[in-house]
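Colleague: Residue numbers (the working numbering), protein chains in the order written: chain A, 1 to 897; chain B, 898 to 1200.
Because the hints were derived from the structure by calculation, they are not lab data.
Where a beta carbon is used, it is the ideal one built from N, C-alpha and C, also for glycine.
Check the hints yourself; a few may be wrong.
Facing chain A, according to a computed beta carbon distance under 8 Å, are these residues of chain B, among others [claimed, not checked]:
{"#": "1", "residue": "LYS936"}
{"#": "2", "residue": "GLU950"}
{"#": "3", "residue": "PRO1030"}
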Amino acid sequence: MAEAHPVGFQWVVEAQQRGAKVIHVDPRFTRTSAVADKHVPIRVGSDIAFLGGIISYVLENGLDFRDYVVNYTNAATLVSDRFEDTDDLDGLFSGFDPDKRTYDPTSWQYDVEDGPGEQSTAQADDSEETQAQRESAAGLQHEAHGMQVEGKPRRDETLQHPRCVYQVLRRHFARYTPEMVEQTCGVSQADFLEVCRAWTENSGRERTTALVYSVGWTQHSVGVQYIRTGAILQLLLGNMGRPGGGVMALRGHASIQGSTDIPTLFNILPGYLPMPNPDQHPTLTDYVDSIRNPGSKGFWSKADAYTVSLLKAYWGDAATPDNDFCFDYLPRITGDHGTYRTVLDMIDGKVSGYFLLGQNPAVGSAHGRAQRLGMANLDWLVVRDLFEIESASFWKDSPEVATGEIVPEECRTEVFLFPAASYAEKEGTFTQTQRMLQWREKAVDPPGDCRSELWFFYHLGRMVRERLAGSTDERDRPVLDLAWDYPVHDEGALGTEGAQAWGEPSAEAVLKEINGFDVATGRPLSSFVEMKADGSTAGGCWIYTGVFADGVNQANRRKSRHDQSFVAPEWGWAWPLNRRILYNRASADPEGRPWSERKAFVWWDPDKGEAGEWTGHDVPDFEKTKAPSYRAPEGSEGVEAIEGVDPFIMQGDGKGALYAPQGLIDGPMPTHYEPVESPFRNPLYGQQANPTRKQYRRDDNQLNPAPPEEHSDVFPFVFTTSRLTEHHTAGGMSRYLEHLAELQPEMFVEVSPALAREQGLEHMGWCHVVTARSAVEGRVMVTERLRPLRIEGRTVHQVWMPYHWGGGGLVTGDSANDLFGISLDPNVLIQESKVGTCDVRPGRRPTGAALRELVTDYARRAGIVDGVHPRVVTASADAQARSLAAAETSDDDQEGQ
Amino acid sequence: MIGRNSLFGPLDPAPDAGYTDAPKRKGFFTDTSVCIGCKACEVACKEWNDVPENLFEMLGTSYDNSHSLNANQWRHVAFIEKPASKPAVDLGMPSVGAPVSEVHEDDKPDFQWLMSSDVCKHCTHAACLDVCPTGSLFRSEFGTVVVQDDICNGCGYCVAACPYGVIDRRRGPEGDPKVGIAQKCTLCYDRLTDGQRPACAAACPTESIQYGDVEELRERANARVELLHERGVMDARLYGNDPEDGVGGTGAMFLLLDEPEVYGLPPDPVVTTKDLPRMFTRAGMAGTALLVGAALSFVRRRP
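Next up, chain B with everything else stripped away, as it sits in the complex (with noise of 0.2 Å):
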């Protein structure tokens, strides 16, 4: 059942994929304004879906060690030292985002330390799901995009179809029986059928990660970042909860202190899969054009 926005638009994805008594579509707000960095979050997912250790590495991150979204971690909280108005010196340190030079200083406030908790942001349009051939990907009652893994065969076309770069195909520990499987946030997909919330949001202790109906959330986001815009707080935006935008709206958005890019966010993502139906028609276009032109050329070798 193919609909008019299927590929690329605002859409209530559940019904879209064919389910007829779907729940409301579930997913998370996370308000990065009251996140304490605690990675309560990481370690729930972690022992809730079984997940084994990403890296025993230290980044001078900040207090990132995790890195980012991968197989191994499916939620991943950013930490970004944003330096104060006046830098005494370029601490060449790895970030994330804009060049310093770029921010006009005197209109910002001193050092601010910004933290974030990512997570698959369970497009309404989901390149992955539309890309993958074997079916493992799929579009839950929840409106929420799961693997299957025992039925991935690891083609990995998903990983290079998402414009988050969040799925990815586990690389180890050695011996671990998904090792080469796509894997990433099912938003806890066994607990929402038993009427729980996911892990993370559970968890998490400011409720920085909130779970809901995603109607719902999307009217709560707005007032919160309207609540912030009175105190002042005019860097705070939303991220992912415009259905009009290049995925239809995520299931998983975010309320920003400042530009996406900063948090390792892409500004504009655009589902991979939107351009299909015009390639395949230009591509049909192409193959006919070609066709008829084949079938011109021995129509004039007709002596």
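Just chain A, same shape as in the assembly (with noise of 0.2 Å):
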């Protein structure tokens, strides 16, 4: 964190001055971990063994949060008998179809009372479904729009069942002992049981514990489970929905969680809306019921509400009831449209165009190799960035132009570059991890001919929206018909003439629109419950709806916090409705007490309104009226089911999920898998890595050979790579300036001082690292900050790179990312760029033609042919069928019913 977000983490060292404990878990010693009170070395993609082992000794000394769990979680909820867990399958979970490489989730849910059989039709996708929602990234969806629960589950709060929750997450979690973790990720017991101690009594009525994680983490073949194992734990221990507490995820760019909310992904739309298919979403109401399931518990039973305020955004007054509010101009995917199965197309010549804003993916994408063969190969690419970064140039320089793989004089990709403001020469919101949203204003205008973004999008559309002008193809009306008049700033250089033309559209007038308002008066909405489905309300993003109510710039607020409670609600605003820890009502016990006075954050004033109200220090994340001891109706659905217990109001249950029957691709609960390339077999089971990863099995993504397959031996280094707090990603912002770039001026290799030995490499000499992708090279950086792990009774050598260079700027160097291949997480789609294995020489490495020969022998030699690839299931041919025999099991019984 120290190193990666230094301003931030002043907070942290605040935090230690009062008297917090610091502990930094990481593969090499970093700046964070030279002010932490304690620094864990980990062997890279071993977290799901480390944290599982911290859950399984809470599990086994009773160490849990009982009366949290029992009433907060789903700990107490039964699973259905049909479930097989891992243990019994060699590594899969039941219902495992291995041609579709995709889970049936049946055998996976709650055993449920009064619903039509085990499974109810909401709950019950099949293989099949899993595998087009593997295709669109659903867990996008699914983080925000939480589990779908009809019916009412068994329950056994006595936490004793053999298949409630509880028990079946201890059974889970029971082989990752003190002496496992040892074993898989070379951390001493001793060292372990104290991160154990340290968490536990840390955390309960008086105490919480907050785990910070940064986006590293999630770039894993198994990233979401990871995620998973650590709000497991967080829940576990009563630390979700407090004050201190929470799964806090660093994103790596300003406003990165903006561009989840409003969304630049190819599967969302604003307000985490999903993207329309042409298959499940013919109609509006097709569209809407698959989000709010009728009959179903939970808040997204207003999604009717929030997609037509945003089509109403979009199209203002062509969008009527009449034409389903244009809901047919939205563009539909068809499947995998993410970023690296698009640069796979580029190479395949399936993509003509590609725009590029802010994003230097031939530095800073997995497989640079891939990337920058795909931009070769296009008709167009129009590249917005501050300097000629080098995917403007890689026509021209790039390490393909070295190796004749990319003829300048033959490239047919036309590059059109344009100069873009950098945030400093433009105004608008940035929002943080925290859903925050802060304004800021223009400090300086751009120079020359830079612009912002929205100056290019509006003009942009503007221009397009000429030339179609008087156009009657039907193809033509979603751009005709869109509501595109902004207010442009008034631009003194330009007369009122050049400012209508060439200004600056405001970007409030945008915030305005994403808040939403009246379409009849033009009136700011003040929440999104003031959302209509008649077409009635506009609003471009249902969870900002609030940012401009009143008619006043929430985000611009900034009172100082020494002037307001700690909890400081009128610096900047928050979504939803400013609220700064979501799901707070778990700050209170189940009768609305606060748990502790130290943790009082949010509780029931029985004395206050009518018949008592939610208050405290925070905007409550509940209903603000609905008493601790409501209890649902018989057959309620909607907000009504959510009873006063429930804190996790998005969750079909009302429960944080310790298990979690849908919404996950690889499985109910985390498992421990190796990554995609390890030097390890998998200790706990035949299935070696995640066995529903997304695999694009081509020649040019060849992967290193990892047990059981044979010649893992010829990579047998396993590297990581990260950012340096000098530079910024993929040096765009930095390695271009003289004040930073000279602070970090050249490309190094960290390694540990027996592994320099070992390979014969010097202290700031030269080595060169290769995969089955390519070679890069750097100078030797020998630290013991980098130390050698006992992993399964043998040691292994990990590998440090920075990822910062490449042949533009003020200082160049080779790009880590080149190292890479692609593997992606089966939920979301993001890439394995934070592991890999490797070999690492001393010396330069070879260039042009001679580096992919050199690629070429190493691929040979690990016995890697084009068109073979390695088997991705590898779990027993027996434990296969029973897994899916699972599934069919259960099919059938449905089919009976």
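Hints in hand, dock the two standalone chains.
Modeller: Shown next, in the form of structure tokens:
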């Protein structure tokens, strides 16, 4: 955190000054470790084993926060008797279809008393549907939508029933002993137990513990399950929805939270509404029903109002009840259109044009060679950036030009490089990890022709619409019918006429539209509760409604923290409705009283209002007048079905999910899988790596062999990458500036003294790192900050590299991301770019055609052959058959009923 | 107005320099125990003071690629990798500080990564200022020492005089108008006159660099070191806070977690002009003796 988020780290330092203990778990000793109270080195890619070990420590010693766990999580809920766990199926859960490599999650479901049999229709995804969900990274949608629960699942509040979630979880993690953690993660039992004690002793009524991670944690083939493991632990210890607790994701850029809320992703629309697809969503009603699931519980029951308001914001007057509010104008997705699929499609000649905005995939994305070869096979490429980054210059100076794979004179891609305004040169908002929007003013005019993205897209849209004006072609209607009129700033230099034509659009006007307004009067909405499904309201992102409440830019509030409560509600604005901690109903006990005075945050005041109200330091994340004693009437649905003791209001049962019967493609509980490239066999079972991962099995995406395949010894070392404080991701904002570039002027490779000795590497000499994709070189940094670990009885060396360099800028170097192949998490299609295997050799790498020869030679020695790809499913045949049978049995049963 | 302690010993420098209504003396307290080595101070300093690049070269001294304080580097963050208690191998890495053999290994905690942002000390007795022949270096009303680069003639006396090796003549880049001119931290004199904090202190995210009244900073430093001792960090110590030391105490003091040498700081700096009065006296005596001797020799020759 100190490395990549030094500004945010000030609060960690402040907490430490006040007595907080800071533990840093990281493969290498970083700037964070330097000031932490404890650094625990860990093998890259073994985090589920580590956290699973802590979960087991909590469960075996009964250290969970029992009142919280029984009431606020699904610990007491019973799971179907058809569910079979990884221990019985050699690393698979029940319901695995080896052909599709996806699960039929029917056997994972709750044991429901009064439902139509054990599995209700909303839950009954089959493996085909799961496959479609993997293609569309549906995990992102589930993340925000929670699970659907119908009927009443059976419960055992004593937590003794062998099929209750608590016991299922306990059995599942029973193998994650301190010995297993030591063998798998390379963490000594003493260190491990110290972390266990610190975490559990600092959790409960009086104290809370925060789990903080940076997004490298997600960049694994089991990335989502990493986060799930952390969430389970925090739920067990009562650290969710309470001050000082939580699972905090430190996003990679200033407004990455904003770019998922109002997404730059292919599969969701603003406010986590899914992108429609033609099969499941032929009409607006089908679409809305697929989100709100009539009959199920929770807050998504008003999805129709959110969707219609969004369509009204897009198409204004053209959106009417008669035409489904232009629902048919929305583009549709037909499968995987993620960034890696798109790049591979470029190589295959299926993509003609591409926009890159503030992104430098030639350096920043996994498998840099594939990225550059893809971009070299387009008709046109638009790059908007501060400098001529590698993604704009690849056609003339990339490593592939040196190898002869790209010939500048023949490269067909026409690159349009547009100068972009930086954050200080434009107005708008940042949304940070706490979901807080902070408005910022433009400090200076951008130099020369540099312009904001808002300017670019507004005027691009305006010009396209002018070009299409008068067209009678049906396919042009969605563009021509857009509500595309934004006020522009009067820029003196342009004169009135020039401003109309080329002025900077008002970002505040856009924020107002995002907030939403009453169509008839233009009055800004104060809450998404005011949104209507009849077309009388418009709003660009329902979760942001309220940011312009009362016509005031709430994101622009700057009241000092010294002049308000410790929650500081009047600094900026957080969605939803300015709540600073989500699910904060959990900060009070089931009766609505604070768990302790020390941790009081939101509570029920029986004397307030007519019959009592929720109140406290934060905006309660609960219906204001729903008493803790409220119980749902029989047969209720939607919001009504959320009871007074159900803090997790977006979940179908209102409970925090220790066990997730739906929404995860790779299993209802996290389980340790090795990274796709690993020198070790999975110590737990036959299934080596995530069996459901997204794998593009292509000759241009060969992977280093991992056990049980042979020849993994050709790439004997583990490597990982991350950022340096001194540079910004792919370097576009740092390598081109002298005051930053000089701070870390060269690409380097960190190795332990032991590895240096073993491989003959000299401090400050050169070395090169080789994988099946490429070889990159750097200066050798021999340091004790990296140390070899003992795993499964043998020593493993870990190598670390920063990934900031490329061919452009004031300081140049090889790009570490060239080393990675493309293997993706099945839930959200994020790449495994934080762990791989490699060889490290002294000296500089070969250049030109010899570079490819070196890589080919390694591939040959590793047994990598074109057209042949290693097995993904390595569980025993018997286990595969039994897992599949579990799904088929339940299908038959359902049909029988 | 030369006082008793004008060249050595405790003193409030601004009144001593002749300011009648001087504000309280200003300075830095750099608490290295919370430094995270982000180098924001280095960058903020260069941005505000328009200091050009220093060097584009990887040095291999951990994450320090700025090398040292010099004319192009007014803040310098040192990174010291202290080996674990039982190093498996001699790294052979260039490092600053005491040889490993002197460390009592069993008493030390495990591997440590020390970081510290160094800066001009703004000495109570500033040798650079004492020796400056042009008056380019002056004592400001804030008690700080500032170079006026339009007056400096580049003689370099100050460079040799500084006991810390801070002040330096700019060598490049080519074409820079201040090449040849002595340069160092001004404690952001222009910001101070406008009621603002120095750029480095404003940029420091963890309040490792604290700016304020020297007197108050000294108290803060004492309290901090006591707290750390209570928490068992027995290596914590202060540097530059003692008005009785060789430079009369510094305007920029530090809390260190090891011996000053480990950070590349002189353990017991003494203002190089400390002995000037004595030297003058002795030189005077010697000269007088010489003259007297010479005179006597004539006297004796008189027949």
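Colleague: Would you settle whether the hint for GLU950 of chain B is holds or violated, based on the nearest Cβ-Cβ distance to chain A being less than 8 Å?
Modeller: Cβ of GLU950 of chain B sits 4 Å from chain A, so the hint holds.
Colleague: Does LYS936 of chain B pass the interface hint, meaning its C-beta sits closer than 8 Å to a C-beta of chain A?
Modeller: 6 Å, holds
Colleague: Is the interface hint for PRO1030 of chain B satisfied, with its Cβ closer than 8 Å to some Cβ of chain A?
Modeller: 33 Å, violated
Checked against the numbered hints given earlier, this structure breaks only hint 3.
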